[in-house]
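Undergrad: Take a look at the letters that make up each chain.
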Amino acid sequence: MIIFSKVNKWYGEYQALVDVNAEVKKGEVVVVCGPSGSGKSTLIRTVNRLEDIQGGQILYNGHDVYGVDSNLNTLRSRVGFVFQNFNLFPHMSVLDNITLAPTKLKGLNASYVKTKALELLDMVGMSHKANAYPNQLSGGQQQRVAIARALAMEPPAMLFDEPTSALDPEMVGEVLSVMKSLAKEGMTMMCVTHEMNFAREVADKVWFMDAGRILEVAEPETFFQNPTHPRAQSFISDIRA
Amino acid sequence: MLLNVIDILSQYWELFLIGQYPHGPLGGLVNTLILASLALIIAFPLSVLLAVARTSPYGIFRHPVTVWVYVMRGIPLIMIIFWTYFLVPSLIGRNISGFTTMLCTLVLYQSAYLCEIVRGGLQSLPAGQTEASRALGLGYFRTMVFILLPQALYNSIPSLISQFISIIKETSLGYIINAQEMTFAANQVNNQLLVKPFEVYFILAVTYYLLCFGLTQLAQWFERRIDTKRQGDALIAT
Amino acid sequence: MSQFTQGLEKVLQGDYLDIILRGIKMTLELAALSWLLAMVIALSLVVIRLTNHKVAVAAVAGYVSYHRNIPTLVQLMLWYFGISSLFPYELQMWLVDQNAEFIFAAIALGLCQAAYFSEDIRSGMRAISSGQTEAARALGFGYLRSMRYIILPQGIRNALPSLINHTILLFKNTSLAMAIGVVELTYATREVENYTFLTFQSYLVCTLVYLFFSLLLMFCGAIFAKKLNKVYAR
Ligand SMILES: Nc1ncnc2c1ncn2[C@@H]1O[C@H](COP(=O)(O)OP(=O)(O)OP(=O)(O)O)[C@@H](O)[C@H]1O
Ligand SMILES: [Mg+2]
Chain L
1 MIIFSKVNKW YGEYQALVDV NAEVKKGEVV VVCGPSGSGK STLIRTVNRL
51 EDIQGGQILY NGHDVYGVDS NLNTLRSRVG FVFQNFNLFP HMSVLDNITL
101 APTKLKGLNA SYVKTKALEL LDMVGMSHKA NAYPNQLSGG QQQRVAIARA
151 LAMEPPAMLF DEPTSALDPE MVGEVLSVMK SLAKEGMTMM CVTHEMNFAR
201 EVADKVWFMD AGRILEVAEP ETFFQNPTHP RAQSFISDIR A
Chain H
1 MLLNVIDILS QYWELFLIGQ YPHGPLGGLV NTLILASLAL IIAFPLSVLL
51 AVARTSPYGI FRHPVTVWVY VMRGIPLIMI IFWTYFLVPS LIGRNISGFT
101 TMLCTLVLYQ SAYLCEIVRG GLQSLPAGQT EASRALGLGY FRTMVFILLP
151 QALYNSIPSL ISQFISIIKE TSLGYIINAQ EMTFAANQVN NQLLVKPFEV
201 YFILAVTYYL LCFGLTQLAQ WFERRIDTKR QGDALIAT
Chain B
1 MSQFTQGLEK VLQGDYLDII LRGIKMTLEL AALSWLLAMV IALSLVVIRL
51 TNHKVAVAAV AGYVSYHRNI PTLVQLMLWY FGISSLFPYE LQMWLVDQNA
101 EFIFAAIALG LCQAAYFSED IRSGMRAISS GQTEAARALG FGYLRSMRYI
151 ILPQGIRNAL PSLINHTILL FKNTSLAMAI GVVELTYATR EVENYTFLTF
201 QSYLVCTLVY LFFSLLLMFC GAIFAKKLNK VYAR
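Taken in order, these protein sequences are the chains called L, H and B. The opening position of the first sequence corresponds to residue 1 in the UniProt record's numbering, with each subsequent residue numbered one higher. The opening position of the second sequence corresponds to residue 1 in the UniProt record's numbering, with each subsequent residue numbered one higher. The opening position of the third sequence corresponds to residue 1 in the UniProt record's numbering, with each subsequent residue numbered one higher.
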């Protein structure tokens, strides 16, 4: 579904991604972890070209993301993306946040879109707030709406960049449980997160990154019990401590 | 065209700069500046008093000032000029010059706008300042005079300068009641020349532009200074 | 007192009332037309500036600086007496037939106010977090569409208080048009005063009319701001 091959990225002199080769298969849940500044956000943002790369290739659902013929906006509308700080549109109600893209970009029928949006809201447990405005919601509620907004475009895969890091501890659970139910339904997911319990329970693969490289790719059990790379070993013992 | 401009300037620069002085009344750019400065100097202290009244907890002070501010902000400057021109002579019993009329008008009008600026400055101070001062045992007036006003006035220096720019621009309305100032002078020049209106008003516009643009830069410089100072304070506070 | 009310009645009757009403109509038309012109230009200026092209940014900055640093009255006179004199003779004659004072007043006021409006909107847009653009892009909205649906609506909302203030200023500034002979409310009031010598009464009527419309604008602005604050506080 998402294939990185020999991906290299520089911010000026600084190389943020170094020869990244990896693949997220269809229906797979991949958790990307690693120390701060290791390039996790950079990597996930290259998939829908919120960051450009300077070398290598990324295939998304069979399309070359950086190919000359790919239409950037069409590509982005097919990638579900969830931000750390939600980025809901504050001037629109919850429902309008969700229906905006399907109606304006796909030109779908408004009442059909609305029915679908209400279903999605129901799925994330937010249907009672359909007419509220984002600032009237808690962080956890906003993030669940943001997930529904991304799902409304029916993307073949969902990307999450630290979706729970901006939340108070008591709200982390409600967002993670939405993500878990998504995973159960077979959604292809790539998640940057520090929630190691989520990784253990839900992930099919864990990617460990440091200094712009993917140093280890493993099943969660193996990764947490017997990490092979020394950097991964010290990372694991750090989070245990 | 540029030649025409230089020509007009070399012939009439005195009229633009000082009006008919010394053979007649002082006017032109110099009088524009005198008028604007006097207006600011008189209106500013007045506006501080108004602002204190407008933020006071006592309705008898607060309500009249609030009404005053809304009225002044709600009617055009020209109308206030006409009112002054009509009312002040009948109040003091003798005629006043265009210059004095304009000065009175600007003081009345700007006292309301400046009051809102000072009030904004007062209200944007953190509530902790009042609380700390009151906790030390300072009363309402001492808190106002020693703690709140100094900070509020310092923070509103940039707005004061931009208000001075507004005043300079507003003095141009003196032309309507024949007050001696730069726009009036330009019209005198235009009436003497008759055939070069564009050049004359172009010179007038450029002069205003240079004056006000210079002051804008000054205001921005102050703003940057105050910002750096605030950031410094914030660093100390954390 | 009865003398005063008699005077007031006289001003508010027959021909004099007619003059005042026509003045009000002219003031409102001038305000509406120049407001529209100002808004269209302001939005264009904002969009041009957003291209971040060096020349474009400098041009817009120059436009704004020019119009903010020259008295509105002088801009009016420059247009009406100055710039119009550079037009070809036929065009000048044609304009005279078309109520030239009104046209030039609308142009001068509109162009001038556009500078203020564009600065209001620009600072309103600067207050929007970069995450908004990113979220719009991530959903697949291109530059123009994210502008239209996400950035501009928020920017205008942020800018609303200063837009209202500047609208009131524009409304009041229509009175400057009397200096070039537009028969708007202030001009009309002077006429009534000239005929009747009822200075106090005619000024009072005029002042109250201006005050009514200004307060109406302030009131609408306050209601709007309150409504927005309720649903939209950051
Ligand atoms: N716009 C930028 N310009 C320059 N350097 C950048 C930029 N964005 C990120 N970097 C650098 O790239 C590196 C990787 O950043 P990235 O945000 O991907 O890290 P991360 O793994 O997501 O960290 P965190 O867990 O703190 O979010 C960091 O060293 C960062 O300083
Ligand atoms: Mg990150």
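Be careful, since some hints might not be right.
In silico BS3-like cross-links for lysine-lysine, where the CA-CA straight-line distance does not exceed 25 Å [as the list claims (entries may be wrong)]:
1) L/129 to B/227
2) L/129 to B/226
3) L/104 to L/116
4) L/116 to L/26
Just so you have them, the derived chain H footprint on chain B, three or more residues with Cβ under 8 Å [unchecked claim]:
5) 69-76
6) 174-180
7) 197-206
Hints in this document: simulated from the structure, not taken from any laboratory. Ideal Cβ placement from N, Cα and C applies to all residues, glycine included.
Undergrad: Where does the structure disagree with the numbered hints, that is, which hint numbers, in rising order?
TA: No hint contradicted; all consistent.
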